[in-house]
Amino acid sequence: MKRSLLRLAALAAVFGLWAAGASAQTAAPNFSKYVALGDSYGAGYGSDCLVAREQRFSYPAQLAKSFGITDFQQPTVSDPGIPACNTITGLAPTFGRISIVTGTPTNAALARSYDNLSVVGYKIADVSDKTTDNGGFADLVLRGRGTQLNQALGLNPTFITLGIIGNDILTAGGAGFLQDGVTATPLPVFTAKYNAVAAALKAPGRTGVFIGTPDPRFIPLATTIPYYVVNPATRQPVRDAAGNVIPLYGSRDTGDPRCKVGPAGKVCPLPPGTLVTLGASAPLAALGGSSLLGLGFGIPCSVNPTLPRCDFPLPDGSFTPPATVNIGVVLYPDEVLAIDQRVRDMNAVIKSAAEANGFKYFDFYALSQDLMTNGRTYGGIHVSTAFVTGGLFGYGEAVHMSNIGYTILADELIQFINASYGTKLERPNIATALFTPDVPAAGSTGIVAQAASLDFTEEMWRGLFRAFPLQDETFELVFAAEPAAAVERAAPVERSRVIRLPRKRE
Amino acid sequence: MKRRRFRLNRISLPLALVTFLAAAPAFPAGFQVMTQGAKATGMGLAFTAVADDPSAIFYNPAGLGWQKHFEAQVGAEFLSKVKGDFEGANPYPGNGVSEKQHSTTFVVPNVYAVVPLTNELNFGLGINAPYGLGFRWDRAETFSGRFVSQNAVVQTVDLNPVISFQATPTFAIALGADYRVSKVQLERNNAAINPLTNSVVDVAHVKLNSKLQDNHGWGWNAGILFKPIPQFSVGAAYRSKIKIDYEGTANFEQRLTGTPFDALVAPQIPQGTHPVQTSIEFPATMNLGTAFTFPSDFLVSLEADWTQWTSFKALDIRFPDLTGRDLHRETDWRNAWAYRIGVQKKFGAMAFRAGYYRDKTPQPTEDIGPLLADNDRDAYSVGFGFGTDHWGIDVSDLYLKVHDRSNLSRSNDNFYGTFKEAVNIFAFSLRVAF
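These protein sequences, in sequence, are chains A and B.
Under the working numbering, the first residue of the first sequence carries the number 5, and numbering increases by one thereafter.
Under the working numbering, the first residue of the second sequence carries the number 234, and numbering increases by one thereafter.
Isolated chain A (complex conformation):
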């Protein structure tokens, strides 16, 4: 009897272990119906526009192809895109829109929701809450059929991706300061919203991937201009007599002994690790077509005394209540770390939400760091995160990836899915992205070159806040503000002003 009981107990234990093992195993994914929820990265937004020739490289489109789905529907747009795509017009480099007119939606008559529901500019709250944006990107995708989340659920997907990868925080990088409720979604709000969306997506038999947020230093917007003075002709650092680089000036008192009082007040050298955004080199209409750096902002007069704004600080971002956002171009190391920490915190939320609801978490943060460090090499072709020459980023606001970049992201996602679920999905064809010129289709109207710029244009800078909206879209954006009081002291220079640019609505 005792032996029988032991046998029974052993059998039960074995069965229990087997059952536990079975429940711990990852469910085999069913890719028959795939729906993508997300933002501009999911939309395939590259050259500050939606256009079919770039949308076909969106990671959802490429995932669908690997899944074997032939009827994956996207809100495609004809050339020259909506808005008209940005392009490089010269190798200085200079940029401009490819057309004075925009493209048109080519799939608007689809009688059901799109499979790629990604909307440019979407934050996590928009996924569950937004139904319209008065003729903007949301309306282009949603078409009055309800929120992104509801439309996704209505398609009854068997596999989903949720790729809200940056609009809740990366706007802080573009604006030059981190402030909850202004340039970032407060973490508790983000957490609650993300968890709610994740829970809503949970369903028996449904699997998918939640995509994290990349390292904020991943984007060329923040990494192309160094914190020190560069000779625009040679692109080499200007050095002092001792061979050291000469830091640009900012307005924050860092306690550096090289701080001095300039025409606009105290200026201090930017410490190493400071990021200067490409906005510093964007020619602005309000500055007579010159850029901040072109006028000398941030540049010590000891380097070039002929610049009208030498010894002026590069503007730091700030918020002036009740509704004025002063866009800065400087992110001090502590601000970079704060944004980075927020990104890490958000990724922890995304990972937790994924795991709690039966989805997988894709670590875009780690991928972005790998791409920053190593780039990728395919058959001897090296691509990197370098703006313009690296290939990974498009010619938009130096934030969004190119066809090449999105294909690499899709490839990484497919490898991740294969590793996570034990599938053998085919990887995308990166050669197609590498060798296909990303140029307008034949017959597109002529390029309208904008003001020449070494790196950036005002339009590209503005485009950043179209793709990465502020927390409140009624906020007024003020680009490149010169402190009025300081300007009063800048006698040799023409009367300057605070430049207020009402936010464009597309």
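Hint data in this document are derived by calculation from the structure and do not stem from the laboratory.
It is possible that some hints are incorrect.
Pairs of lysine-lysine, DSSO-like flavour, derived with a Cα cap of 30 Å [unchecked claim]:
#: 1; chain 1: B; residue 1: 460; chain 2: B; residue 2: 546
#: 2; chain 1: B; residue 1: 333; chain 2: A; residue 2: 69
#: 3; chain 1: A; residue 1: 428; chain 2: B; residue 2: 653
#: 4; chain 1: B; residue 1: 653; chain 2: A; residue 2: 69
#: 5; chain 1: B; residue 1: 474; chain 2: B; residue 2: 578
Got chain A sorted already, so can you dock chain B onto it with the hints?
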């Protein structure tokens, strides 16, 4: 007359080397070429314990101990690539991409001479090309792997003097020096992202070439052969590694796109000729064999060959006068074994031979790519010999099927697909003895 002979000697050695070099590119086992005699080739290269013709200088020089006459042997192998295909896969170069290697028949000659010094001592001299590589792709300017390699050639010629000593009627040993000259040629294009289209364009062609006279190395070889009874033998041969430091030139030539991008690229390309350096450590080898002669002159030979390919850990190319251009490629090859069996049946002056071997590749999957794609291979051979004590002729044919090899899971070059290769080797040898 004396002066005339001197001039002939001065000319003849370089001429002979050039002849060998012109013919050396071959098909790799790694990039080792073991087909150095028609008789051995007919027996699937299972020849270490047989070693009964002058090609023993290569296979096992102790075999010279039983060769009591002055003998000379000349021969050649005709190596033809039956198949050299590549089928691409995603992510790069992509499904549907199909490429072919350049199809050429290479001729690899060999010369051996055996000079008895005493009853026990023999001197031998061999000239052959035991290593070679010819991996050249068709349509080089559009080949999808052109940014890794369009053409890779390694050529070697060995001068191998040996002394054998037959210590007893059943046992002989041998020791030799191995002087190797070599040259390397590598070609590829360079790619860049054209900012005007955000897509890839060819911006330069780079050709590396080394000179024969600047690149040489020394090694040694040894062998033992034990024949306790006439029907049984066991032998071993060893050949040391040889490191060659190459010095040559690198020629950079800009490829024009016809766009303003060319002007931006031009300063980045060190156009013209620059010095270049690299090194290759050719591996040590150990061959172990045994042979049985059954009644009716039926010979069976078995062999296991070990090659120390771990010596080929990396390929480093240095440009002494250029900054930031040095190349480092991890190869991480493994030691490899080959297992061979050969048979011979004699009918009077005629001999019929056959052989088989399985050669394990030293190259890890990660390393295969446009520069070199090796794999395990099966080889099947047949041969025929006819001769007397004073002369002989041997012919053989060896079909070498390299197993198809895919690198769909991992590739250092991120160049994915399936490589397919097969080679046919026809060999002949003429032997005279006095």
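Structure-based check of each hint:
1. 460/B x 546/B: violated (38 Å)
2. 333/B x 69/A: Given that 30 Å is the threshold and the Cα spacing comes to 29 Å, the pair holds.
3. 428/A x 653/B: Holds - the C-alpha atoms of residue 653/B and residue 428/A are around 23 Å apart, at most 30 Å.
4. 653/B x 69/A: holds (28 Å)
5. 474/B x 578/B: Violated: residue 474/B and residue 578/B sit about 35 Å apart, past 30 Å.
Checked against the numbered hints above, the structure breaks hints 1 and 5 and satisfies the rest.
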